[in-house]
Amino acid sequence: MRLDITEDDECFRRAARDWLADNVPAAPAPYDGQPARDYALDWLATCHAGGWSGLGWPREYGGQGAPGEKLILWYEEYVRARAPSVLDCTFVAVNHAGPTLIALGSDAQKAFHLPRILEGRSVWCQGFSEPGAGSDLASLAATGRVEGDEIVVNGQKIWTSFADIADYQELLIRTDPDQDRHRGLSWVICDMTAPGITVRPIRNMAGVTHFAEVFYDDVRIPLSNVVGGLHDGWRTAMTTLGFERRTAAMGVQLALSIKVEDLIARAEPAPGSATAERLADLRAEAAALRAMTYRTVFRDSATSSDGSLMRLVFAELAQRIAQASMDILGAEALTDTPPTHDYLEAYSETIAGGTAEIQRNIIAERILGLPRS
Amino acid sequence: MTCDLNRTDDQRQILDAATAMLAAHYPVARLREPRTDSMAALAEFGGFLLAASEEDGGAGFTLVEEALLHVRLGHHLVSPRAVAGALACRLAARQAEPALAERIAAGAAEVCPALPHGDGHLLIDAEGAALALAFEGRRLSLIELGGTAPEPVAGLGHGGIATSRLAPGRGRRIAEGDDRACLTADLLVSAQLLGIAEAARDLAVDYAQTRRQFGKPIGAFQAIKHHCANMGLQAEMLSAQLDMAAIAARDGRDDAAFQVAALRRLAPRAALFNTRTAIQVHGGIGFSAEADIHHYLKQAHVLIRLGEPAPLLDLPAALAPRTNRPRRTPCASP
Ligand SMILES: Cc1cc2nc3c(=O)[nH]c(=O)nc-3n(C[C@H](O)[C@H](O)[C@H](O)COP(=O)(O)OP(=O)(O)OC[C@H]3O[C@@H](n4cnc5c(N)ncnc54)[C@H](O)[C@@H]3O)c2cc1C
Chain L
1 MRLDITEDDE
11 CFRRAARDWL
21 ADNVPAAPAP
31 YDGQPARDYA
41 LDWLATCHAG
51 GWSGLGWPRE
61 YGGQGAPGEK
71 LILWYEEYVR
81 ARAPSVLDCT
91 FVAVNHAGPT
101 LIALGSDAQK
111 AFHLPRILEG
121 RSVWCQGFSE
131 PGAGSDLASL
141 AATGRVEGDE
151 IVVNGQKIWT
161 SFADIADYQE
171 LLIRTDPDQD
181 RHRGLSWVIC
191 DMTAPGITVR
201 PIRNMAGVTH
211 FAEVFYDDVR
221 IPLSNVVGGL
231 HDGWRTAMTT
241 LGFERRTAAM
251 GVQLALSIKV
261 EDLIARAEPA
271 PGSATAERLA
281 DLRAEAAALR
291 AMTYRTVFRD
301 SATSSDGSLM
311 RLVFAELAQR
321 IAQASMDILG
331 AEALTDTPPT
341 HDYLEAYSET
351 IAGGTAEIQR
361 NIIAERILGL
371 PRS
Chain F
1 MTCDLNRTDD
11 QRQILDAATA
21 MLAAHYPVAR
31 LREPRTDSMA
41 ALAEFGGFLL
51 AASEEDGGAG
61 FTLVEEALLH
71 VRLGHHLVSP
81 RAVAGALACR
91 LAARQAEPAL
101 AERIAAGAAE
111 VCPALPHGDG
121 HLLIDAEGAA
131 LALAFEGRRL
141 SLIELGGTAP
151 EPVAGLGHGG
161 IATSRLAPGR
171 GRRIAEGDDR
181 ACLTADLLVS
191 AQLLGIAEAA
201 RDLAVDYAQT
211 RRQFGKPIGA
221 FQAIKHHCAN
231 MGLQAEMLSA
241 QLDMAAIAAR
251 DGRDDAAFQV
261 AALRRLAPRA
271 ALFNTRTAIQ
281 VHGGIGFSAE
291 ADIHHYLKQA
301 HVLIRLGEPA
311 PLLDLPAALA
321 PRTNRPRRTP
331 CASP
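Going line by line, the protein sequences match chains L and F.
Residue 1 is where the first sequence starts when you use full-length UniProt numbering, and the numbers rise one by one after that.
Residue 1 is where the second sequence starts when you use full-length UniProt numbering, and the numbers rise one by one after that.
Be aware that one or more of the hints could be misleading.
Straight line, CA to CA, 20 Å or less: simulated SDA-like cross-link-like pairs of lysine to any residue [said to hold, decoys possible]:
{"id": "1", "chain 1": "L", "residue 1": "K259", "chain 2": "L", "residue 2": "R366"}
{"id": "2", "chain 1": "L", "residue 1": "K70", "chain 2": "F", "residue 2": "P330"}
{"id": "3", "chain 1": "F", "residue 1": "K298", "chain 2": "F", "residue 2": "D179"}
{"id": "4", "chain 1": "L", "residue 1": "K259", "chain 2": "F", "residue 2": "A154"}
{"id": "5", "chain 1": "F", "residue 1": "K216", "chain 2": "L", "residue 2": "R366"}
{"id": "6", "chain 1": "L", "residue 1": "K70", "chain 2": "F", "residue 2": "D314"}
{"id": "7", "chain 1": "F", "residue 1": "K216", "chain 2": "L", "residue 2": "E365"}
{"id": "8", "chain 1": "L", "residue 1": "K259", "chain 2": "F", "residue 2": "K216"}
{"id": "9", "chain 1": "F", "residue 1": "K298", "chain 2": "F", "residue 2": "A162"}
{"id": "10", "chain 1": "L", "residue 1": "K70", "chain 2": "F", "residue 2": "L313"}
{"id": "11", "chain 1": "L", "residue 1": "K70", "chain 2": "L", "residue 2": "K110"}
{"id": "12", "chain 1": "L", "residue 1": "K70", "chain 2": "F", "residue 2": "T2"}
{"id": "13", "chain 1": "L", "residue 1": "K259", "chain 2": "F", "residue 2": "D314"}
{"id": "14", "chain 1": "L", "residue 1": "K110", "chain 2": "L", "residue 2": "P35"}
{"id": "15", "chain 1": "F", "residue 1": "K216", "chain 2": "L", "residue 2": "L368"}
{"id": "16", "chain 1": "L", "residue 1": "K259", "chain 2": "F", "residue 2": "L313"}
{"id": "17", "chain 1": "F", "residue 1": "K216", "chain 2": "L", "residue 2": "P222"}
{"id": "18", "chain 1": "L", "residue 1": "K70", "chain 2": "L", "residue 2": "R82"}
Treat the hints as calculated values from the structure; they're not laboratory data.
My request is simple: use the sequences and hints to build the entire structure.
Here it is in structure tokens:
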């Protein structure tokens with residue numbers, strides 16, 4: 001067991017730090033809409049031009065094939081430089097749509113989409129959840145009727161982050177009406193400008209229009225847009241969620257340590273005070289989350305169920321940090337400031353991407369081996 | 001790969017051997033009859049010398065393996081004499097008392113923990129001990145008990161823990177610990193607390209799979225599942241942080257104090273949370289003296305008192321791993 005980095009890694013770190021110091025945008029990211037899209041794509045294009053995009057992607061697809069050490073160092077430096085949150089509207093494309101295409105896509109799909117993603121030219125969204133299918137994703141009802149070399153899609157998705165500013169969507173639909181639950185689904189690439197799509201943005205409790213409802217009325221999608229096999233979409237979706245719950249989250253998780261440090265600097269707690277104790281707890285927990293993040297990168301046995309453990313520790317810690325940040329603000333807690341905004345946004349952490357309750361079920365059943373209910 | 005958090009083959013072997021030794025000499029069922037653990041079997045295993053250099057009779061392992069061994073000791077609720085002994089060897093060696101260090105390592109001189117209590121000390125598992133290791137805040141001292149006769153006092157839970165009182169001024173302080181000893185103490189105490197947190201989780205999960213109510217295993221009920229998941233979470237966080245802290249301490253990295261302090265802050269919470277939750281998952285039997293789970297709770301309370309954690313906010317925050325070797329060549333310009 002060791003955590004040594006080489007001189008070569010150290011040079012990589014130095015280069016990352018210098019580059020970030022020169023390039024991280026001074027202006028904060030806009031919360032939503034076209035300005036959020038422009039800002040995120042600009043930043044990704046800047047990273048690409050600097051040679052810093054797709055670090056974890058294989059070289060043959062335009063990535064850098066960087067080993068875990070370099071990914072960790074990059075994200076450590078990234079969060080230290082207070083660079084834009086990786087959870088922006090490019091997250092889906094870079095962290096799971098792209099990797100899903102690399103794993104299961106056709107040559108044509110890869111050739112068309114992967115460069116667009118890495119160069120900061122396309123935004124993707126994820127159309128999995130429906131009004132009737134949230135935690136129980138397999139009960140989804142949106143349909144795709146195969147007609148010749150096309151699929152005709154009807155139905156509705158909801159909570160689709162960035163649907164209003166996305167070019168493409170990971171769309172999960174039922175293509176075989178005779179099968180139910182996990183069988184008979186397909187994962188298709190949906191062009192968000194296709195006729196028959198209506199996007200209706202939804203405001204969230206933080207006042208931001210981050211997600212949307214999406215309606216499909218006879219939307220025609222080429223059969224060649226299926227990823228991973230017609231009617232075999234569940235397997236593709238699990239591949240996607242596996243990426244989402246594992247290394248994709250590295251940058252988000254490491255950012256929590258920095259949030260805690262910033263909070264300690266802002267709070268200046270009196271030694272021994274209740275606030276000092278609370279912040280010390282948060283600091284220790286952030287250290288442990290970091291240690292867990294390293295474990296998933298540097299241990300062979302890490303599985304996507306381990307991702308559930310980490311995701312849950314992350315979500316609940318993010319909420320405790322946001323809560324502490326709110327509590328030390330005084331009357332300013334009632335004004336619209338970055339900490340109060342973050343506080344409200346943090347409520348989504350235990351809901352989005354699988355609720356805390358669902359993660360606990362997964363941990364109990366798949367890691368601890370308790371009987372399925 | 002220069003970063004690797006997998007257990008090495010050597011580590012797996014020494015841990016397997018430890019598990020066998022513990023099953024033979026320290027089965028948890030032994031606690032059903034009150035008696036004080038002898039350290040002889042652990043000493044014979046080389047448990048006190050694991051991290052010592054080969055010239056000093058060690059097996060060429062390091063603090064990392066010693067910490068992993070102490071996790072196993074936590075699983076078996078081995079007397080806190082084990083932690084006291086491991087530290088006492090180091091204090092004696094540092095005080096240029098190699099003969100004493102050897103006797104402790106060989107199990108010939110037993111060391112019990114001592115905590116400040118009134119004007120004197122409260123000793124844990126003092127029966128037959130020649131020495132006591134006092135944990136006073138962040139100060140460690142080795143006390144020779146000589147002919148003093150500690151006075152037995154009833155321990156937590158009607159004798160659940162063997163406690164006795166050492167009157168003020170009795171015993172002779174023969175060695176003091178330094179920062180390194182404190183760091184080691186925090187690491188080993190936390191490792192044992194992790195062992196307790198893991199064992200409590202495992203006991204609860206086993207019970208949830210076998211105990212049936214309403215026609216099914218109680219583990220099929222979501223309330224029980226979520227209790228178990230929470231225990232899994234606590235153990236996993238602590239275990240990841242233990243690896244991080246042990247590696248930093250072994251390698252003398254500059255974030256070692258921070259990593260160990262964070263670990264020592266999390267460990268009591270995880271151990272108490274898991275033992276408390278495991279009692280709940282057991283229902284009535286969990287509250288009985290007959291089930292083993294209360295021993296884990298009580299042992300956690302003992303371990304938590306062994307020294308105070310370093311104030312975490314006073315330490316500089318940890319950074320990403322860095323190379324320990326000074327640079328020889330300048331970075332090529334990109
Ligand atoms: C900010 C945000 C962004 C999102 N972005 C996207 C996106 O881009 N694409 C996308 O497809 N989806 C997205 N989602 C949707 C998200 O995946 C769902 O909200 C989530 O899976 C929960 O589904 P639901 O909202 O229908 O809640 P429900 O499933 O109705 O859950 C309601 C409550 O019941 C509990 N519950 C449900 N089933 C169980 C069970 N078996 N055991 C115990 N408790 C249970 C839940 O934990 C929850 O507390 C987003 C959500 C949020 C909040």
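Okay, the hints, checked on the actual structure:
Taken as a hint, the K259/L and R366/L pair is broken in the structure, with Cα atoms around 32 Å apart against an allowance of 20 Å. Annotation: proposed proximity of K70/L to P330/F holds, straight-line Cα distance about 19 Å (limit 20 Å). For the hint pairing K298/F with D179/F, the CA-to-CA distance comes to about 28 Å; that exceeds 20 Å, so the pair is violated. Taken as a hint, the K259/L and A154/F pair is broken in the structure, with Cα atoms around 47 Å apart against an allowance of 20 Å.
For the hint linking K216/F to R366/L, the alpha-carbon distance of about 18 Å falls within 20 Å, and the restraint holds. Simply put, K70/L and D314/F have alpha-carbon atoms about 30 Å apart, too far for the 20 Å limit, and the pair is violated. Among the hinted pairs, K216/F with E365/L is consistent with the structure: their alpha-carbon atoms are about 15 Å apart, no more than 20 Å. Taking the CA atoms of K259/L and K216/F, the gap is near 45 Å; set against the 20 Å cutoff, the hint is violated.
With a C-alpha separation of about 11 Å, the suggested pairing of K298/F with A162/F holds against the 20 Å cut-off. Between the alpha carbons of K70/L and L313/F the distance comes to roughly 29 Å, so the proposed pair goes past 20 Å and is violated. Restraint check for K70/L and K110/L: the C-alpha separation of about 25 Å exceeds 20 Å, so the hint is violated. Restraint check: the Cα-Cα separation between K70/L and T2/F comes to about 11 Å, which is no more than 20 Å; the hinted pair holds.
A distance of roughly 17 Å separates the Cα atoms of K259/L and D314/F; the hinted pair therefore holds under the 20 Å criterion. Between K110/L and P35/L, the direct Cα distance comes to roughly 28 Å. Violation of the 20 Å bound is thereby established for this hinted pair. Pair hint K216/F plus L368/L holds up; C-alpha atoms about 17 Å apart against a cutoff of 20 Å. Between K259/L and L313/F the CA atoms are separated by roughly 15 Å; this keeps the pair inside 20 Å, and the hint holds.
For the suggested pair K216/F and P222/L, the alpha carbons sit about 49 Å apart, so the restraint of at most 20 Å is broken. A distance of roughly 18 Å separates the Cα atoms of K70/L and R82/L; the hinted pair therefore holds under the 20 Å criterion.
Of the hints listed earlier, those the structure fails to meet are numbers 1, 3, 4, 6, 8, 10, 11, 14, 17, in rising order.
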